[in-house]
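Peer 1: Spelled out from the first residue to the last, the chains are:
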Amino acid sequence: MFLDLAVVAIATLAPLAARPALAADSEVALAIKDHRFAPDELKVPAHTKIKLIITNQDATPEEFESYELKREKLIPANSKGILFVGPLAPGRYEFFGEFNQKTARGVIVAE
Amino acid sequence: MLAAALIVFREALEAALMIGIIAAATRAIAARGRWISFGVAAGVLGSLVVAGLAGWIAALASGNGQEIFTAAVLATAVAMLAWHNVWMARHGAEMAARARGLGASVVKGEAALSAIALAIALTVLREGSETVLFLQGVAASGNGGALSVLGGGALGLGGGALLGAVIYLGLLRVPLRWFFKVIGWLVLLLAAGMASQLARVLTQADLLPTIADKAWDTSALLPVDSLLGVLLHSLIGYDATPSGVQVAFYCAALVAIFVSMRAVAPRPSQPIAT
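These protein sequence lines are chains W and X, in that order.
For the first sequence, our numbering begins at 1 and goes up steadily by one.
For the second sequence, our numbering begins at 1001 and goes up steadily by one.
It is possible that some hints are incorrect.
Said to hold, decoys possible - Dumping the calculated DMTMM-like pairs for lysine to aspartate or glutamate here, alpha-carbon to alpha-carbon at most 20 Å:
hint, chain 1, residue 1, chain 2, residue 2
1, W, 102, W, 25
2, X, 1181, W, 25
3, W, 80, W, 40
4, W, 51, W, 65
5, X, 1214, W, 34
6, X, 1214, W, 40
7, X, 1214, W, 111
8, X, 1108, W, 111
9, W, 51, W, 34
10, W, 102, X, 1225
Because the hints were derived from the structure by calculation, they are not lab data.
So here's chain X without its partners, still in its complex pose (with noise of 0.2 Å):
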């Protein structure tokens, strides 16, 4: 019971902590819950399409089916992600002032808002399928145990939900003038980390060289299954021995993604910009 917990705390934490982070960086954006909501339920639908398909994609490309698929997945979210924080770095200003209950009117926000919902939504259907493979998996073996699997995943969504509530209200206590500077390293980190991911699996499957692989090893200092390791893997993509090309990723989506930011944000002599 304690090993499907532990299995399904791991795959429901990534998508709770970016469902916790992605909350609070909309709270001053109208009708945010719904969107946020309707992300939720197309990736748990998602999995299941996924988790049934399984066999299918993974012989797709000569095997290397799953590796093109969870690649797609991660290049969208990492695209998704981008776009809402340049969003974000447009609109700071009228956000914080919204946020500060200053804002005229509420802020419209339905071309970002659609953008994390689906970035959500891929993110839940990446973790989410495996989850489904693993609980399926258990149910197909018909042990006495699968009640006590089955309790366990609960216990281990549970978990995961809770951490990611807890970075949301955590996340909400942060001063206003620091909160949106804050949410945009955050997701930047975020969508960072996602990169670094996506160069992991196309070296798996061959399709990019590792360059080196390991550029270095931390593996001693904080090992990536402790659960410190496992936050800051799912927060800012930590990997104790990543490879050449995964360091390469994650440099160039943050400077990618900062730059853009930079050359959109609105300078503070000028009006905010409506």
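Looking at chain W on its own, in the form it has when it is part of the complex (with noise of 0.2 Å):
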């Protein structure tokens, strides 16, 4: 039933993904490289819905983690993730990539 669902709602939103982004949808833009976010503080509108859009650049795998977001993706090497976050209440939002969590650290502050 879950299955059918995501067909739905993939088959739904396949055509809204070729279009411009929604006014509602705000995309971000984070990389990865040398095991570092780049920026690693992302100003984001808050109570809006934020497309997330993460490329590493590292030849070896990392995963987007965030316990305050409640996100968890994983970045093969050399590709790109996409993911969505919020609508956020203002305030700050601490993120880190759990292969390298010494290094890749991040916030994302919604205003």
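Put the two chains together into one complex; each comes in its own frame, and the hints tell you how they fit.
Peer 2: What follows is the structure, given as structure tokens:
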């Protein structure tokens, strides 16, 4: 049932993806390079759904993770991943790369 | 080394706790060892395959492949746990008699065992594929520290397995009159926790609305990255700041499985179902 739901949802979303982002969504790009996030501080609008586009430029996989955002996504080596967060209440939301926690750290600031 | 141990421990814990609970739940069923081992082995093999295909899976469905794959894995695992629990509710008296050593013959439960073998395989696969990718990345980076990271990984795996064994042995000490009731609730909460995670991955891919980003916030009281938080997350799906839709999925799974268990459970006055 959930699979059906997912398929239906994809079918509805696919045409949306081809169009420019809806006004309600805000797109933010994030890069992973040398096991660090660039930029390491992202300012995003509060109360808005955010589409986060993460590009891993390293030759090793990384896992974008955040307890505050409740997000966890594996970004394979030299590839791109998309995930959605929010709409967020104003505040600071820390995130990190689980596979390189010492260096890969950053924060999303919703305001 | 410690960081690697911690990462692998966290991944191993969820699967280990589940296997511990399932192993206790099926104590009265013949040939459970074979099915559980089969589930673990299939899960490990699946981890390697999924890790190998990670790039391909991630690129599916315009970048949402990973979420849809994880959602399918979680939904199947929830369904299998639910089915197992309903089966247990139906055969509870029979199992209790067998566990007391009074059962006339071994309880035949091939269908229930195949369901739990699948649930175990899927959970091991979900947690294991991440571990494989992490260790692969470390090995590929070619640092001199690779050996120490692998050592840490082994330590983390051992730690997870140890906790799985602790919960198994602990559960076996529960008096028989409560045993199947306790197990039923544990599996029920485990399944509800997975349903909540299912909602989370679907919101991550924007296939479900969050309803509210935070239904509540108990991160100051019990952080989800503390040891107790991690344990409760694995066992009953604890989340410090769940979204509204996660809470909805959790409750829906809880109620649906509970009602199904009630519906099939034989009344105490009736003779034992055969």
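Peer 1: Would you mind marking each hint as holding or not holding in the structure?
Peer 2: So, going through the hints one by one against the coordinates:
no.	hint	in the structure
1	W:102 to W:25	31 Å, violated
2	X:1181 to W:25	47 Å, violated
3	W:80 to W:40	17 Å, holds
4	W:51 to W:65	15 Å, holds
5	X:1214 to W:34	33 Å, violated
6	X:1214 to W:40	24 Å, violated
7	X:1214 to W:111	17 Å, holds
8	X:1108 to W:111	60 Å, violated
9	W:51 to W:34	23 Å, violated
10	W:102 to X:1225	16 Å, holds
In the structure shown, a violation is registered for the earlier hints numbered 1, 2, 5, 6, 8 and 9, in ascending order.
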